[in-house]
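Chains as they are written, first to last, in my numbering: chain A, 74 to 435; chain B, 1006 to 1295; chain C, 3 to 315.
Since the hints were made in silico from the structure, they are not lab data. Keep in mind that the hints are not guaranteed to be accurate.
[What the hints assert, rightly or not] Sample of chain C residues facing chain B (criterion: CB under 8 Å; computed from the structure):
| hint | residue |
| --- | --- |
| 1 | Leu-50 |
| 2 | Leu-117 |
| 3 | Thr-120 |
| 4 | Leu-140 |
| 5 | Ala-254 |
| 6 | Phe-296 |
[What the hints assert, rightly or not] Here are the simulated SDA-like pairs of lysine to any residue, each with C-alpha atoms no more than 25 Å apart in a straight line:
| hint | chain 1 | residue 1 | chain 2 | residue 2 |
| --- | --- | --- | --- | --- |
| 7 | A | Lys-429 | A | Ala-246 |
| 8 | C | Lys-277 | B | Asn-1155 |
| 9 | A | Lys-166 | B | Pro-1197 |
| 10 | A | Lys-75 | A | Gly-130 |
| 11 | C | Lys-251 | C | Gly-261 |
| 12 | C | Lys-235 | B | Gly-1131 |
| 13 | C | Lys-220 | B | Val-1025 |
| 14 | C | Lys-251 | C | Ser-265 |
| 15 | B | Lys-1287 | C | Leu-233 |
| 16 | C | Lys-277 | C | Ser-265 |
| 17 | B | Lys-1211 | A | Lys-75 |
| 18 | C | Lys-277 | C | Pro-264 |
| 19 | B | Lys-1211 | A | Glu-173 |
| 20 | B | Lys-1211 | A | Pro-203 |
| 21 | A | Lys-166 | B | Ile-1214 |
| 22 | B | Lys-1211 | C | Leu-45 |
| 23 | B | Lys-1287 | C | Gly-245 |
| 24 | C | Lys-251 | B | Ser-1149 |
The structure displayed is predicted, hence computed values, not measured ones. We put the CB at the ideal spot given by N, CA and C, even for glycine.
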Amino acid sequence: MKLEIENLRKEFGDLVAVDDVSMTIEDGEFVTFVGPSGCGKTTTLRCVAGLETPTSGALRIGGEDMTYASPEERGTAFVFQDYALYPHMTARKNMSFALESTSMDSEEISQRVEETAEMLGIREHLDQTPGELSGGQQQRVALGRSIVRDPKIFLLDEPLSNLDAKLRVQMRAELQQLHREIESTTIYVTHDQEEAMTMSDRIAILNDGSLQQIAPPEVAYSQPANEFVAGFIGSPSMNFVECTVADGSVTTGAFSVDAPGGAETATTLGIRPENLSLGHGTDGHVDAEVAVFEQVGSFNIVYLEIDGLNEEVVAQVSGEQQFDPGDRVSVTVDTDRMHLFADDGETLHNPPVFTKQPAAAE
Amino acid sequence: MSVATRIRDVVSGDSDVRTVTRVGTIGALTVATILVAIPLYWMVATSLKTSVQIGVFPPYLVPPTPTIDPYVDALQTGPWAQWFLNTVVISGGSTLFVLALATPAAYVLGRREFPARKPIYVLFIGILMIPAQILLIPMYTLFSRLGLINTRLGLIVAYSAFFLGFVVFLLHSFFTNLPDNVEDAARIGGVPEWRTFLRVILPMAKPGIATAAIFVFVFTWNEFLFALTFLQTQDLYTISVGLQQFQGLRGTVVYNQLFAMSTLATLPLMIAFALFSEQFIKGMAGLNFK
Amino acid sequence: MSSRNTLSDRIGRYVPDRFSSDTATEPGIDWTPYVYLLPALVLYAVVLVYPFVDTFILSFQRVTTLGGERRWVGLQNYEAILSDPIFWRAGFNTIIFSVGMVFVPLVLGLGLAVLIDTGVSGTSTFRSLIFVPVIVPLVVAGIVFGWLLGTNGLLNSFLVGAGIIEEPMRFLNSTTWSLPSVLLMVVWKRTGYYLVILLAGLQGIPDNVYEAAKVAGKSRWETFRHITLPLLKPAILVTVIIGIIDSVKAFAHVYVMTGGGPSHSSEILATYFYKVAFRFFQFGKGAAYGFILFAIALTLSLLVIRFSGGSEV
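Work the whole structure out from these sequences, hints included.
Okay, structure coming up:
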């Protein structure tokens, strides 16, 4: 079911939690709302669900205006961060409870519950109560409770944040699989940008109540609309360095490179850690001293103090490169992947977006 | 550190000091418990003595020839069984009635926003501050006119009204502390409100409801003033009233019989307590943390 | 498991309105909450509010028979009561009574709670046993203590046997000892109640708070005074308020044991009230008396709340 959000605004007293958010989500899309705590993503989600009433703006589900409709009428399903299972009912009952208020007969209900449980792999736990289930199993029951209702839109509010790291990664893959099977419109809220990147068709980045950018993950990554998005997406975060542009050159406190066209008013240069390469010679753009070296494994992170720059810069290098704190290195900037931002944070220049590699020609 | 922690530390530490403090603490507690138990022991012991034995001074500490005659004799002097029955009916009836009325009220007061919510809540709490006595006369008058004086139903209605405020107060905090999300989940699922209330909220509030039930039952069982005033014919008396009359009626108080009946009056509560002590205690403790 | 939307946690002061009528699609007021409230309110209005108002009116009238004629006498009833020396005697006795009903059991309960909180074995047994008197019917307690303190009773036999006195004393019948005798029963009956509440409060204080104090070098008395007691304050406060109100309302305790005598030496406000209203058939006066009691209870609670700083309700 298609969802249209138009100029949504939600105030809590003096606090503006959601400020003029608009977007259209197509039927079957998986969109993630992501942003730091307090950015308004959960509030927006709750407005879509009908758990909050918008102060102004409109919401349309499948073309029908549902701005002020009660949650029951919207045909949405909501998975809470803490699952919100009925503690005194078995998993089976948890899943069938809502259906009992519909016109479905008990046989049909029972069948649906069984099928959904099968799909989620919790069939043998159906007769246990939430207290007897592990976190992961509880989560699946919460999911199952939503799935059986065959909703028009799936809303998930940070469903994985209460799980331990390993389980979280596993569930991520399972959720994606589930989405492929069920094919319903899904909105997923998280503060974890990695989750957002890996699971979504498009991500919507919010900050301070307003929508910063909504785009497919690879676009958000390589073509951020502003400094906030650039810094939020990607880990370790993009490096930001003060600069000025004049006479075709971008000049920072430590080095100068050729400037692309159209970016004369840029005041900040952005470069991702993986687009910095380090060498032991002196043939790079600038020299630096290693401050901290983090061994991660498949790649390593190097914190650098660059001669002439106030800002600390982070570089990401391959796992084979090892450095010690205090080493002198030479830093090379991949100028093809440089970003330039204006004073107000708006992006003036982005490198080209990543595209899928064509199959290798014979 | 607190006295308790210091003692606890010692208890788990050096064994010599540990033993002494430990013994001291247990000793003090045992003495306290014995002091508390004395009156109860006395009641039961005296109930097993003969009429001759109770007149002796200094009194026997242990009944020399335990007999249940006092029980048998006393039971014949008044409609005790009837009195027990009355008390059970009245206490049970009040408990059920008050819960039936107060639970929905506490639910909306705790979980719904609507105009007049706060004033109404204060109104209910206000009852707690009213000494029941001041309402005695006009309630008596009112109930007379309604034909409810000298009926068990009348007393049930009166008790229910009185405990309304208390139960609303108790349940209100329980309902407020129930997680929001579970209710939201039901709402989103399309479940109508009354169904959510009955099938989701109420089961989750069981501990609170059980606590309230225990309270009301015990309080009404032991209540005296209103029972004394509202029930006028002897065969309607509750246990408390019956006992009091028994004490006052006789010229010379036949203590062993009196105590025998007192023991019987206490017994049901004792049994209930033995069965539900955890709940009792948790309830009383939880009551005071709003 | 968080029970609130995390955003509103952060907002803190403002809670989003849940289920308020503006999410309903039908225009107009949402009647549902009122339906839930209705039965309780009806009972309340009929059985309590109406008589309350009636009492108020009655307090300004003179009535001698139920349903009989009522005559307006203005503040006469109130004056009569406030100038009645027995009333003041009863008030004084009630203050003493409240010490026995509230403060002594509180201190004893606290002491016992601290002992039990040390975690020696048998905790719940001690707690349960000491709690038993709380549920013993009041009338039974009164009767038993009446006997224990009687001329043939255990206390006398102990005192005489130990040579402390020569003849048994008449505790319940003496003007000096009647009230203390009742208080003995009250302390016995209430200590367990305070024990349970304070113990729960003590057990609710996490260990690491004590450990932090220990590391900071506090003595055990200091910790008790500055950490334990303040943390227990809410529990203590509530029970004290309720206890004081209970003292004003307390009737059976005295009535069963001494009936208020001899010569009103153990008369407390509630027992005298009963006599004025019912024995002397002065209903108007009784109503006025009742209102005075209400005013006292109300003032006391407000005072205690104010004194402790801020509303706990």
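Contradicted hints - numbers only: 17
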